[in-house]
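S.K.: Sequence:
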Amino acid sequence: MAAAVADILAQIGSGPFPVFAVPSYPTPPLTALPVFALLGIAAGVLGVLFNRGLLISLELHTRFSPRWRLPAVAITGALVGWVGWFSPLLVGSGHHLAEEALRGEVLLVIIPLFFCVRFLLTVASYGIGAPGGIFAPLLVLGALLGLGIGQGVHQLAPDIVPQPAVFAVVGMAAYFTAIVRAPLTGIMLIVEMTGNYALMLCLLVSCFCAYVVAEALKDVPIYEALLQRDLRRSGTAHLLQAPVVIEFTIQNHAPFVGREVRSLGLPPGCIIVRCAEGKHEWVPKANTCLEAFMRITALIAPESSGGLEILRQGCQASGENEAHQDQA
Numbered sequence: 020m021a022a023a024v025a026d027i028l029a030q031i032g033s034g035p036f037p038v039f040a041v042p043s044y045p046t047p048p049l050t051a052l053p054v055f056a057l058l059g060i061a062a063g064v065l066g067v068l069f070n071r072g073l074l075i076s077l078e079l080h081t082r083f084s085p086r087w088r089l090p091a092v093a094i095t096g097a098l099v100g101w102v103g104w105f106s107p108l109l110v111g112s113g114h115h116l117a118e119e120a121l122r123g124e125v126l127l128v129i130i131p132l133f134f135c136v137r138f139l140l141t142v143a144s145y146g147i148g149a150p151g152g153i154f155a156p157l158l159v160l161g162a163l164l165g166l167g168i169g170q171g172v173h174q175l176a177p178d179i180v181p182q183p184a185v186f187a188v189v190g191m192a193a194y195f196t197a198i199v200r201a202p203l204t205g206i207m208l209i210v211e212m213t214g215n216y217a218l219m220l221c222l223l224v225s226c227f228c229a230y231v232v233a234e235a236l237k238d239v240p241i242y243e244a245l246l247q248r249d250l251r252r253s254g255t256a257h258l259l260q261a262p263v264v265i266e267f268t269i270q271n272h273a274p275f276v277g278r279e280v281r282s283l284g285l286p287p288g289c290i291i292v293r294c295a296e297g298k299h300e301w302v303p304k305a306n307t308c309l310e311a312f313m314r315i316t317a318l319i320a321p322e323s324s325g326g327l328e329i330l331r332q333g334c335q336a337s338g339e340n341e342a343h344q345d346q347a
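Residue numbers (our numbering): 20 to 347.
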């Protein structure tokens, strides 16, 4: 409901126009789907590189002594200004550069240069805390990546890729997916921002490939990685770890049979929260006596992982414990 109201008010204020003024492209042929898969793979690899570069940039800046941080900011600002003097398209939000890429107006020979410069400036600027964010720059990079691959394949096989600029639209969603790891959000976002609803299948293929590649490379989504970094620096990283809920059935002649809960020797952070026999369930107390074939549910905190082994051994029959020890 909130999203619908926001969309209505935005259209009343600015008109029913997409964020990016781009043509409405026809649906690409099915023969182009392997090229969209290739785009997704490239986006996955470069998205992981973007995430790790961003984190490295932040780490390097924090390692500077306080007296060197201001000069680092000044040098980065001077570099951005120098680049902007040569090409204003390479600095700022990149909205105009993205629109040119989405219309296919950026030459193939300069796309690698534009991509590398925008990539490095984004990473360096974010590392020093300069305003600019992540979202808008990654869309520009995705559009350049997609257009570069589209134009490259178009020169080799124009029948497969009749409209190279289509890949710029899909590239934004694929690069967003690789970095943020939210494929459905990326697809709907780019469709709404460009008004190209005919590209849904191509978007699904590219975003799926980008997601799989980024996951295969063991990369953490950028916003989750930034949160983990902030929590580590504040000493509260353990708040991200969730407790484990696990259920055991106490077997006949197991060590726990006939013992009270308080005598089990469970470590702090490991508690039995539920007991069940047949259809009867209850919350155990310290003096609750455990019986054979009783089902117990335990809540185990991450720092109490040793409690899992205590519960496992205590619920198994003595013969099974000995068999496990013999196998070990």
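By construction, these hints were calculated from the structure, which means they are not laboratory data.
Since we're looking at a predicted model, the values are computed, not measured.
In this text, a Cβ means the ideal position worked out from N, Cα and C, and glycines have one as well.
A hint or two may mislead.
[What the hints assert, rightly or not] Restraint-style ranges between C-beta atoms, simulated for each label pair:
no., residue 1, residue 2, range
1, E243, A91, 41 to 47 Å
2, A91, G111, 18 to 24 Å
3, H114, A22, 19 to 25 Å
4, L127, A235, 26 to 32 Å
5, E300, I75, 47 to 53 Å
6, I75, V263, 29 to 35 Å
7, G34, I265, 25 to 31 Å
8, H115, Q182, 16 to 22 Å
9, F312, A22, 22 to 28 Å
10, V24, P131, 51 to 57 Å
S.K.: If a hint holds in the structure, say so; if it does not, say that too.
M.R.: Evaluated hints:
Restraint check, E243 to A91: a C-beta distance of roughly 27 Å breaks the suggested window 41 to 47 Å. Take A91 and G111: their Cβ atoms lie about 21 Å apart, and the range 18 to 24 Å holds. Take H114 and A22: their Cβ atoms lie about 23 Å apart, and the range 19 to 25 Å holds. For the pair L127 and A235, the beta carbons lie near 29 Å from each other, so the given range of 26 to 32 Å is met.
Look at E300 against I75: about 51 Å separates their beta carbons, and that is inside 47 to 53 Å. For I75 paired with V263, a C-beta distance near 33 Å keeps the hint of 29 to 35 Å intact. The hinted window of 25 to 31 Å between G34 and I265 is violated, with their beta carbons roughly 55 Å apart. At about 21 Å, the CB distance of H115 to Q182 agrees with the hint of 16 to 22 Å.
F312 and A22 have their C-beta atoms about 51 Å apart, which leaves the hinted 22 to 28 Å range violated. V24 and P131 have their C-beta atoms about 43 Å apart, which leaves the hinted 51 to 57 Å range violated.
Comparing the model with each earlier hint shows violations of hints 1, 7, 9 and 10; every other hint is respected.
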